[in-house]
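Chains as they are written, first to last, in the working numbering: chain A, 1 to 496; chain B, 1 to 601; chain C, 1 to 319; chain D, 1 to 299.
Keep in mind that the hints were calculated from the coordinates and are not lab data. Mixed in with the good hints there might be a few duds.
In silico lysine to any residue, SDA-like type, Cα no more than 25 angstroms apart, as pairs [what the hints assert, rightly or not]:
1) D:K122 x B:S353
2) D:K122 x C:L178
3) D:K122 x C:A12
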Amino acid sequence: SRTGAEAAPSIPEGAATGTPADGGVLRIARPPASQAETLDPADSLSAYEYLGALYNRLVRMDEDGEAVPDLATEWEPDDEGSTWTFRLRDGVEFHDGTRFTSADAAYTLRRILDPDLASPQATVLSPLLSPEGVHTPEPGVLRVELDAPNFEFPALLSNYHCYVVPDGSGDSIGETGIGTGPFRLEDFSPGGRGRVVAYDGHWEGRPVLDAIEMFAMTDIQARTNALLAGQVDLLSQTNLDFATARVVAASGNATIARSVNAQWYVLPMLTTAEPFTDSRVRRAMKLAYDPVHLLEVALQGTGVVGEDNPVPPDTPYWTDHTLERDPDRARALLSEAGHDGLQVDLYTSTYDPVFTPMALAYRDSVADAGIDVRVRNASADSYYTQVWMQQPLMATYWYTGRPADQLLNQIFRTGSSYNETAWSDPDFDDLLDSARGTADEDRRRRLYQEAQRLVVEEGGAMTPMFADRLVGLSREVLNYRESGFEFDYLNIGLRP
Amino acid sequence: MNTESNDNTGSTDPLVRVENLSVAYTSEGHDVPVVRGVSFEVETGRTLAVVGESGSGKSTVAATLLAHLRHGSRITSGRVELAGQDLFGLDRAGVRRLRAHDVALVGQNAGHSLTPSMRVGAQIEESLLPQRLPRRERRAQVLTLAEKVGLPDPERLLRRHPHQLSGGQQQRVAIAMALAARPRVLVLDEPTTALDVVTQARILDLVAGLSRELGLTSILVSHDLGVVSRMADEVLVMRDGAVVEQGRAQQVLTAPEHPYTRLLLASVPRLEDRGLAEVDQDGTRTVRPRTPVPEDAPDAVSLRDVTVDHGSTRAVDGVTLRLRRGEVLALVGESGSGKSTLAWSLAGLHAPSGGHMLLHGGTEGDLAATARRRPLDVRRRVQLVFQNADTSLNPRRIVREAVRRPLRFFGGRSRRDADRDARTLLSDVALDPDLSGRLPGQLSGGQRQRVGIARALAGDPQVVVADEVTTALDVSVQASVLALLERLREERDLAFVFISHDLAVVRGIADRVAVLRHGRVVEEGPVEAVFSGPNHPYTRSLIDAVLDPSDPSDTGGHGPARSQRPPDPPSDTGDDPVWHDLGGGHRIRRWETGPETARDT
Amino acid sequence: MLLYTCRRLASAVLTVLLSAVLVFAAVQLLPGDVATQVLGQDATPEAVAALRDQMDLNRPAVVRFLEWIAGAARGDFGLSPVSGEPVADTLWPHLRNTMLIAVSTVAVAVTASVVLGVVAGLYRDRWPDTIISTLTLIGMSVPEFVMATLLVLLLSITVPVLPAVVLDEATAPVADLLPAVVLPTIALSVVMTAYIVRMTRTSVIDVMAGEFVTTARLKGISTPRVVVRHALPSALLPTLNVIAMNVAWLVGGVAVVENVFNYPGIGQLMLESVHNRDLPVLQAIAVISALVYVLCNLAADLGAMALNPRLRTGGGSRR
Amino acid sequence: MSELERGNPSTPSRARAQHPVGRTVRTLLRSRTACVGLGLVVLHLAVAALAPLLTSASPTANAPDEALLGPSGEHWLGTDALGRDVLTRVVYGGQYALTVSFAATTCAVALGTVLGCATALKGGRLDGALMRVLDAVLAIPPILALLVVVTVLGAGPAVIVLAVTLVYTPQVVRVVRAAALGVVPLDYVTAARARGERTLPILLREVLPNIVHVVAVEFAMRASWVVLLISSLSFLGFGADPPTPDWGLMISENRTAMVVLPWATLAPIIALATLVVGLNLSADGLSRLWNVDRTEEAS
Ligand SMILES: Nc1ncnc2c1ncn2[C@@H]1O[C@H](COP(=O)(O)OP(=O)(O)OP(=O)(O)O)[C@@H](O)[C@H]1O
Ligand SMILES: Nc1ncnc2c1ncn2[C@@H]1O[C@H](COP(=O)(O)OP(=O)(O)OP(=O)(O)O)[C@@H](O)[C@H]1O
Ligand SMILES: [Mg+2]
Ligand SMILES: [Mg+2]
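Model the full assembly from the supplied sequences, consistent with the hints where possible.
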């Protein structure tokens, strides 16, 4: 049949690679954050582009989801997995010239654990660790004594909240952005524009680019226009919809780079709000829809189905457990729960161009099960303050690139600040705890898979699909690579 | 300015010649003729008057002399010539030259024809531009012209804007503007219609004097036969776009041949008529003497020391008057003298600020309250008829509804009864009851005025206040409406307060006259006594300014204005410090003897 | 005359005050408050309560309003709870930027529309009028955002001569913003011109049919002189109000266009503040807009005085 | 003595009394502008009302296989990113625009007319106070008022009607008041006052019938603004909820893809523009027919 994708010029698979010109300025358009935007990694919610450029972590994730060295060169646990020793890189300097030592790493960790700061990462780390457990036996060694055994601990430090900041910089780091990263901060205004310039003293060597400029733009269309008009080179934090991606790919200035499975889309049901307090209703909502339809309508196939499991299919702990679509069963479940002809509002916004198509496709898909979904458009600017975690049903997405343990703990554990479905299941929490403490790799995997099974069966999140992020970038940009929340800042450059 | 006088003696060819001129405008694809086959000639130095009823095409003809046609109309046949040149054959430049040098127009309403945003001096100066004079000379000329048209204190006045001048002054500026071009032909389209009688007389004097002095050829458009008899050498009578009669003014005005002209002439009220004139179809007029109001007729309304204020201006100032049943009391006076204000207070639209106003007779009541506060029965006893027939009827309501509403409102009648009564009322005012389904827009002015009267009668009033009810009507229609009022008065024993500035009309219809000036009564008395004098000087100036088409001293044009008879000092019979009482109810307010302060016109 | 001006001024001040009250009252109704907005996703009830206290949100609205208006009179609009900075510091640059568009739009639109309107009026029902009237009709019928989108497509993407969006911040120097002003100006001018042209045309036709213009023509003076000296002053009189209304509309109503161009103007700020529940900023915008509105009307009145001696000299039949 | 029967050229007198409706229709037919304008509006109304008959496709069903197609025999104007037929959506699109705009305009004009007439007739203090308040409302930028109302009450057709009413009523009041002030001093109103009639009957019998034409023109013109305003709201994301086929929404959904799929954007633009043109032409034609001075209505 004539599919849209066939009728269109196909969308390029990856970014162009090659030897870039020395220097150059990369201009990035990004969605504006609030005026409260900060460069403090422990606290930051939106400044990903800055963080990756300015800081380093102890450990980072490679493209296969494995933890690899960054500022820590090697690490090892004791036998129970409750004491971890990190060997730190020598000869690393912060942008202000001070030397990086274990004191900085310890300060960073303790800060995250500080309840006054209320770092989002604290909910992940504080069950394992207290500030007293962080030790600095020598400048080049960091020892961490966990409260409970955890064999996944290094992976948890790869989160973007765990970027290392200089010892004692807590009050000013939000504005100064002093780190050990390949770029140093020149200019930054919260929610507005900013500029970072190459840091010659970076331990991995100087980056190719001279500078990166960031511009904030509310409207996706404005961002796209800026790209098409050659005013910017890259659209960050922006997944273009298929139609727009085609326009960009067809233009002379710009093209598209696919970042495979870079984000997953969710329709979170708030388990504390009617009618989703009833797990039968949640199950029915999941049984009623066909993720393939959503993938086709909303992404034109540029992704893979999610099967309500947020752990990406190609990562180590993934389970293939699925719920078969069954509208009749869904209808029966609803009837059982006393919700015949269920009518729900599904909130969406133009914050991301895929939200609305996904919502509409979901609406279409569940009509068979007698569920009447009304799609409600909310304002993009206040979407994450007025709708997310407030409305019983809405559309949202997450970036992949989190280790499974971090993901499951952060988004599904009872009481976690990112638990968008407000789901609380002690069995699930217990499973995670035992998985963390299990030294045996296989057993650990099974436990994590068991936890995922619970998420699929009982949880509030419908995860219809993982999407390739369709990133708009100038044809001048070379070596664009993105994983998780950061680019390959060292090698990205402009065509000579 | 002497080339014209050469023409005057040298050639006998007519300066203006109009031949078989027809003008039409297109409406909904049809040609509607406005002027049909008009021909005339005017010789140099002569004045031709074009008369006729409203809409007969007078202005259209006059404008063709400036090669001007109203938007949408065109010439269907004939030609207009000035000194042998076809005006409608001229190119644009030719037309401009014609207007700049040969023909000038003085319009009806100077208030509208002067540009509001320009100083009047500049506007006069503009007409001098085509003569390419140096600036200083032009200024001097303007000043001369201003003096010539009799603008007081010209230096100062010329720097004013039009709205800062009085109507008379505006008209003088318009005349100066016309004269500035040093035209050969002057077209005057109703130059005095918008002015009060006294000012009208002065302007006409001015025009006559200037025409004679400059040897101008004039075309004067007017529907006022008095003005025509005063100014014209020749007269052209138009009706429905065609000429019905033309000839020497004296002859047409005294011995008209065409019945229409006779009718027109006969319908003009005259100052010497001692009653209303009745005019037959063939134009014979008989004056029906007024039946005098019986001495013992009871009072209908009495006013004592009534004052009315508009904010801080005192419009009516201590008026004491009395109106008896079956009597017509006329209020006369110049514009702004407070006539309408007094009438409105009587009708309950504006509460007086002092004095007493009482209604006598079957229903007694205090009239010093506004309509809504008056008892219904008092309210209905005083009714108002309006001046402007166009605005006095709701254009969206048919005639029957207009009359039915007060019937139902005052009488509480059922709709059927009210409908029946409305038809009766309409035939009472001599209207075909079949017209009752029409909208006011589909009626003629006279018919509309009759509906207005019928509406007033619907309340079954005792007193009718008629504010300039015939001013906007053509003479023939005016005569019929006046006759109607007279008949109603007799049949229904109505008392009328009749407001008019046309003294001839007043003389015909009124029993008594009160002359107002600046809100005060300056003279009051039976109509005969007031018109025969002696008078207050103000009354005298009003009476003297009246022009009469049949007055031999007026015909032949160019005569000097009637000499202002000096006011006879009335024989002092009383010892009232304010009033001279001349007996028979005729009294005159005492005035300061000495030179009357010249009024600024 | 002086009395008139004084009364006019007093009523202007009253109008501004009244609008401030209205806006304040309306804004109080906004659901969710700035405290939750600032704390965002991690808001705990205690934190919100603390912040509300710190931000003074717990005192009676009337008191807050009075204090605020007293400050506003001195040009001090208080602190923005969202950014923590003085409102005035954010407001002025945005206002300046919008004024940049507004002034150029007014300049372009007024000149163009008066010329076009006069031409259309003079050539009534002939081809210049037909063309102008058709164009204005189209101008009026296409929403600004469509116009803006088409302009970007045409002049920024297909033929990249002008920037499609503004990358600069509100505080950028004027010179940097100038290229970005062009497209919004065109988009807005088209709409505004359409309205003014029609008014001017109608009014020119009316005036040209008037008696004094006919009289002037019959005086034999040239047509340009008739138009400029006699007709225009009166014809522009009703147009003045339209222009004033349009200018006032520009200041508040450019939100959509600013949105398309990412232009850091008052409209952008307004949208943002509504979303952030940044009440002080909203109130400041409303009062400033009301002030501009009132000033525009005052200016129109003064312009009318200049054009109409009847008003200037106060005499005549005005009651 | 005969009075000449003279027909007024603008309302030719006919022997037969005419029904006012018949007369109005005949007057309308005389103006080509009004005919074209009203024709366009009626056409839009008809298309919106008959949409289900005109097209069998669903305006909301997603068909991923058919997404982003160019014009073809099956889809005359192609399909959008979700595979919906553009023509179908445009045809249905009028329903939302017309219903909401007409409801909003009707509310604003009705309320404005009542207030405008009443204040003109009453005059005095009431008039002064009301005009002051309305002036204050007018001084607030409409878009701000709209945003506040929509944020307070949430976007929905009823809210939009309310918001538009709030924003436009003052302007209608100004226009109607000015028109009524032209009628109030006329003699027939004076006559009614002299009879001592109450305000309401005067308003209904004498004033309103003489300004209906102003109101009608105001309605047409206001409607054109409201249509544009509502589409702007949809554009900003405060209008119809997806998948409602609404022109403003369609434009904002598809404008990104304008280069590859021009029709998905152009078709709703054209639909919107023709409706507005129709309303404008109607307002124009009517005002010319009825000699309504539109200079007052620029606000
Ligand atoms: N272009 C036109 N369009 C419509 N009607 C016209 C036009 N030109 C003339 N008329 C009509 O032609 C008739 C003659 O008009 P004209 O002004 O010449 O009359 P008039 O005798 O001067 O009347 P009045 O005494 O009222 O000034 C009137 O009924 C007028 O309405
Ligand atoms: N509504 C008003 N407000 C203020 N002053 C007014 C008002 N109506 C009339 N006047 C003033 O009151 C005075 C008398 O006016 P009025 O209308 O009674 O005169 P009139 O004799 O009827 O004049 P005309 O012959 O022009 O009709 C005038 O000076 C006028 O300016
Ligand atoms: Mg005439
Ligand atoms: Mg009067």
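Checked hints:
| no. | hint | in the structure |
| --- | --- | --- |
| 1 | D:K122 x B:S353 | holds, 21 angstroms |
| 2 | D:K122 x C:L178 | violated, 51 angstroms |
| 3 | D:K122 x C:A12 | holds, 23 angstroms |
Violated hints amount to a single one, hint 2; each of the other numbered hints is respected by the structure.
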